[in-house]
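Number of protein chains: 2
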Amino acid sequence: MHQIKALAFDVFGTVVDWRGSIIAEGAAFEREHNLKPIDWPRFADAWRAGYMPAMDRVRRGELGWLKIDELHRMILDDLVRDFGIAGLNEDAMEHLNHVWHRLRPWPDSVPGLTRLKRKFVVTTLSNGNLSLLVNMARNAGLPWDCVISAELFHHYKPDPEAYRGCAELLDVAPDELLMVASHKSDLRAAKTVGLRTAFIRRPMEFGSPATADLKAEADFDFNVDSIEELAAALDT
Amino acid sequence: MHQIKALAFDVFGTVVDWRGSIIAEGAAFEREHNLKPIDWPRFADAWRAGYMPAMDRVRRGELGWLKIDELHRMILDDLVRDFGIAGLNEDAMEHLNHVWHRLRPWPDSVPGLTRLKRKFVVTTLSNGNLSLLVNMARNAGLPWDCVISAELFHHYKPDPEAYRGCAELLDVAPDELLMVASHKSDLRAAKTVGLRTAFIRRPMEFGSPATADLKAEADFDFNVDSIEELAAALDT
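Each protein sequence line maps, in turn, to chains A and B.
Each number in the working numbering comes from the position in the first sequence (counting from 1) with 2 added on.
Each number in the working numbering comes from the position in the second sequence (counting from 1) with 2 added on.
To be clear, the hints were calculated from the coordinates, so they are not data collected in a lab.
Careful: at least some of the hints might be erroneous.
Same chains, same names: a pair is fine if it fits in one copy or spans any two.
[Unchecked claim] In the DSBU-like style, the derived pairs of lysine-lysine whose C-alpha atoms are separated by at most 35 Å in a straight line are: (1) Lys38 x Lys193; (2) Lys7 x Lys121; (3) Lys186 x Lys217; (4) Lys38 x Lys217; (5) Lys193 x Lys121; (6) Lys186 x Lys38; (7) Lys38 x Lys119; (8) Lys7 x Lys186; (9) Lys7 x Lys217; (10) Lys217 x Lys119; (11) Lys193 x Lys217; (12) Lys119 x Lys7; (13) Lys121 x Lys217.
Note that the structure is predicted; figures quoted are calculated from it, not measured.
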């Protein structure tokens, strides 16, 4: 076993609170555009629920490569219809679609990453497109050493090319790279290509601890409750 | 003409002083390894001079894709022979090869980038491989929003794919992206695909102002003496 040299973070859910951020922005958006009341928790959940099937269409080759911004927009166009939202012009639709660029970090994310960065290279390894991740980092103050996205490989996680490509770009062996995520499927795929794994419990990702799988797993290298707890476990 | 949204920086020579850094590290390396005296200015110049022909072999397809670390090592292996340097083990050779990861910034680079970052996305667009640029940024405190390398496109500058690929990843129009470099050939290639251009004079890049082309050019959008001067010209 090599020493860990770099940490690759899943972002949506692991580092930022997509659901809480969309609900908060949605309420302000609704007032600003004088929309009839919208169930923003349900809207956020439906948006996120559309994301995996859309990515899977790209992964299976039914769609050519599309950025997450484009997949989010395809889903949003349907949602606006389904929720009976009318009267939004193109600028308003684009602004709403870019809420994913403005997601807010969990309270431990910035302090935890700042500590980890002292000792390790810290990067994203997200299905979000590069410009989304850059805008998010600038907005939220996330101190990445670099921004690595599935977009660079034209392979969405959990395709093995994304994990392998990340290690190759960082010039580290797979077992020198620690994948950090709040979703076990992401970690299991990373483990398959030889990466180390850290599971971060995010009980509120889907709005209630009852909807999240929070069980520690013996085959992950770390099971923690926050990025700061991971920083402590890695002596930073 | 769109407003500028992002700045892409050439790195070797534009942001960091490769020649001065190699000379300084070389002197220390020579003492540490008890080598007979080496003409480090000539060594640095020969290393850099080998870089363009090596990249051109990749660009013409004579060599498959190789990272700059690998091209630097090919050149270094020849140089060690040419300079009659003996007795270095593999660890020492790798350490010397990685001097390019530890290049020091010009004095205006960190303060200039810090100012520009307030208003614009600031990225590298360098032929250096991603891990080299990440290690350099960590070592030198360069505050990039992201690290974009020719490695991501498997096309070295001045291939148009590198400039176009950078704009596409940042999701900006070509004329929303300002290429910043101390080499006119880099800027001319960027201009060909529609990028804006800023020329930074670096009179000491090759050791003497007499060896540098410092003439302002009317077809560049900016001609400046430092990154701080560029920050002022862009009202940051």
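Here is what the structure says about each hint:
1. Lys38 x Lys193: neither (46 Å within a copy, 48 Å between copies)
2. Lys7 x Lys121: Classified as both; 8 Å inside a copy, 32 Å across copies.
3. Lys186 x Lys217: within (10 Å within a copy, 58 Å between copies)
4. Lys38 x Lys217: Neither, since 40 Å and 61 Å both go past 35 Å.
5. Lys193 x Lys121: Classified as within; 23 Å inside a copy, 40 Å across copies.
6. Lys186 x Lys38: So Lys186 and Lys38 fail the 35 Å test inside a copy (38 Å) and across (56 Å) alike.
7. Lys38 x Lys119: neither (45 Å within a copy, 39 Å between copies)
8. Lys7 x Lys186: So Lys7 and Lys186 pass the 35 Å test inside one copy only (22 Å; across, 37 Å).
9. Lys7 x Lys217: within (27 Å within a copy, 44 Å between copies)
10. Lys217 x Lys119: Within one copy only: 27 Å inside a chain, 41 Å across chains, cut-off 35 Å.
11. Lys193 x Lys217: within (18 Å within a copy, 54 Å between copies)
12. Lys119 x Lys7: both (11 Å within a copy, 27 Å between copies)
13. Lys121 x Lys217: within (28 Å within a copy, 43 Å between copies)
When each numbered hint is compared with the structure, violations occur for hints 1, 4, 6, 7.
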